[in-house]
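Asks: Take a look at the letters that make up each chain.
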Amino acid sequence: MTPEALHRERFPTLSTDGQRMLDFMRNHPCAPAFRNASGNRLQAQEVLAQHAFEREIAAAPVGWSPGFAPDWVRVLMSHVFATVPHYRALGPVPRRLEDLATVARADFAADVAQFVPDDAPLERMIQFRTTGTTGHPLLIPSHPVVAARYAAFHKRALQRVGVTPRHGRGQVGVVLLGFQERCFTYVSVTPTMEESGLAKLNLHPADWRDPADRARYLDALAPEIVAGDPISFTEYLTLPLQHLPRALISVSMQLMPGLRAGLEARFGCPVLDIYSLNEVGPVGVFDAALGGHLLLQPRLYVEILDRAGRPAPPGVAGEVTVTGGFNFCLPLLRYRTGDFATLVDSAEGPVLRGLAGRQPVRYLTLHGWVNNIDITHALEPFPISHFNLHQHADRRITLRLAPAALGCAAPACRALEFLFGAGQVTVEALTARDKTRQYTSDLDGSRQ
Amino acid sequence: MNQAAMKQADLAQLTRRLADIPADFLAEPRIAEHGEIVLPALVGDLLRMHGWQPSPDDLTPFVGGPARTERNRLALTSIAVWLLADASFIAAQASSAALLDVLHQLVGEMAGLTAADGFVIDAERREELVRAVLARLGMLPLGETAAQAADRLAAISAVQRRALLAASRAAEKRAREVREALERQLAAESADKWTRE
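Respectively, the protein sequence lines represent chains A and B.
So the first sequence is numbered by the working numbering: it starts at 465 and just counts up by one.
So the second sequence is numbered by the working numbering: it starts at 103 and just counts up by one.
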């Protein structure tokens, strides 16, 4: 395919204004090296459909209560059993969702093609690659329309804090920040926002001619929304920026309250902590007043299951298991996410409380066994982007902190010694920049 | 077997029995603590109805393994139990081994091809199941010769098998195309999301 044809495939509806925006972001004197290419890939009728989808998502309630599957689940099950090879092989459609065997990441990793519906279009299929923390590389089948739909859920979350994105032609709407040795970076435009600019950047100095260009470039782009994760936001905080975005959106990892407070104070805008998975998209947004992550997708039903796959009693933590979603290339029926939480009802809809990545880990303290949520609470006051807490077989504790957080090693150590005893806690630097298992233990009984 | 010695049953009456199956027999088979119908108990009751006392080993195949491979088989076992509880089968005095062969081997073969509820919903599949069970037990549909019964079963099964073979080939082709689509360079290049997990 010629470079021109590739460009048209990435940007089917690109106008001269849109091209000007791409040129501005790519050719700015302080721009980083863009290592990849991407695009919205949306065709004209899909742009119109996306507008309609965003209106629908903005208004639709999450119309179910924990433990009571909504009516649309039954319709979805019938459709999935008729069109998805994995489910067709299971035989008749179960009468109740609870009778259906769950699936997990390992099932997708074994052969994800078995989970793609017969009617999912393949011509423009795209994939998102994820390794997660379990080490199983996984390709998630997706589509440009599915990728574009993410914005609808982010706008729904932003609406709750009074922010309606309005950047359009000639402005940059969203900048996505990474901070990794290697990172997928590109520039694009969002056709549903009058081709406002979208840039995915790596704040790692190796991607820039001059590390000082990072702040200059971000100020030049002046994005309305900045998305990132606790690691990239920790670096973002260090930059001498003039421009203040209207909102920050953090995904991928738990956003510790100390870092959130630091970001809010520095940029004077709402900081959204969104629980999002490649397999599911944005699931919930954290709301301190609700005590957890409020669910965002009107067509996503969530169950909390115990290890045997039975519904956990109300108020008891279990594995977050989802049905539905907006990815028509990978409809989900009882997909076990590998994340743990409790689910409670609220006036605004169901809320995931105590969300902890992966299975909870217990620690043996001076006061007996405690759950890792207590460790999170102990470390809450500190601006830590990410960490690992490991309990050795002799009960001693090693706290590994991101290098930028080593400044708070002493007070964090003291907070933990209150739980584990004086002299029992050692602090080291955490070197891995990717997702890390936060909680690990060598002790028998650490997994309930 | 000598045709004169072969017991007979009313095909129409048995297919009607399948169509009128009580909802309880279509409930979820119990696998790994999920589901309502406990198949070993159900099969045990059926054997006792036929005058046999099943051993624990007889019932082991109905405990079930992974849902992906076993759910449809056990669901069809439940339907076959309902069918075999008909008075015409009880009167035929089939051996315990023959009944277990139907419930395990024959049902296993048929469940590998068709969703269990198809044998209730679809008139042709109902007839196929009844004819297959009669043949396996050495019985004949009322008014048919052995040759006629064999021909009709072969015909009805062949149509289904051809359709399933075509579906299976189409499914394999589709899975291959999905894998190829995912591996394409442009797929890896991805498309815009406002956030990246």
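Keep in mind that the hints were calculated from the coordinates and are not lab data.
Just so you know, even glycine gets a beta-carbon here, dropped at the ideal spot from N, CA and C.
Heads up, some of the hints might be wrong.
Stated by the list, open to error - Estimated spans, in silico, between C-beta atoms of each pair:
| id | chain 1 | residue 1 | chain 2 | residue 2 | range |
| --- | --- | --- | --- | --- | --- |
| 1 | B | GLU274 | A | GLY871 | 55 to 65 angstroms |
| 2 | B | THR162 | A | PRO530 | 49 to 59 angstroms |
| 3 | A | ALA886 | B | PRO168 | 46 to 56 angstroms |
| 4 | B | ALA260 | A | ASP583 | 24 to 34 angstroms |
| 5 | A | ALA752 | B | ASP147 | 52 to 62 angstroms |
| 6 | A | PHE882 | B | ASP159 | 36 to 46 angstroms |
| 7 | A | PRO775 | B | VAL261 | 41 to 51 angstroms |
| 8 | A | ARG633 | B | GLY167 | 26 to 36 angstroms |
| 9 | A | ALA513 | B | ARG286 | 18 to 28 angstroms |
| 10 | A | ARG774 | B | ALA260 | 12 to 22 angstroms |
Asks: Does each hint fit the structure? Answer for all of them.
Replies: Going down the list of hints, with the structure as the test:
{"no.": "1", "hint": "GLU274/B to GLY871/A: 55 to 65 angstroms", "result": "58 angstroms, holds"}
{"no.": "2", "hint": "THR162/B to PRO530/A: 49 to 59 angstroms", "result": "38 angstroms, violated"}
{"no.": "3", "hint": "ALA886/A to PRO168/B: 46 to 56 angstroms", "result": "51 angstroms, holds"}
{"no.": "4", "hint": "ALA260/B to ASP583/A: 24 to 34 angstroms", "result": "29 angstroms, holds"}
{"no.": "5", "hint": "ALA752/A to ASP147/B: 52 to 62 angstroms", "result": "57 angstroms, holds"}
{"no.": "6", "hint": "PHE882/A to ASP159/B: 36 to 46 angstroms", "result": "60 angstroms, violated"}
{"no.": "7", "hint": "PRO775/A to VAL261/B: 41 to 51 angstroms", "result": "43 angstroms, holds"}
{"no.": "8", "hint": "ARG633/A to GLY167/B: 26 to 36 angstroms", "result": "60 angstroms, violated"}
{"no.": "9", "hint": "ALA513/A to ARG286/B: 18 to 28 angstroms", "result": "24 angstroms, holds"}
{"no.": "10", "hint": "ARG774/A to ALA260/B: 12 to 22 angstroms", "result": "44 angstroms, violated"}
When each numbered hint is compared with the structure, violations occur for hints 2, 6, 8 and 10.
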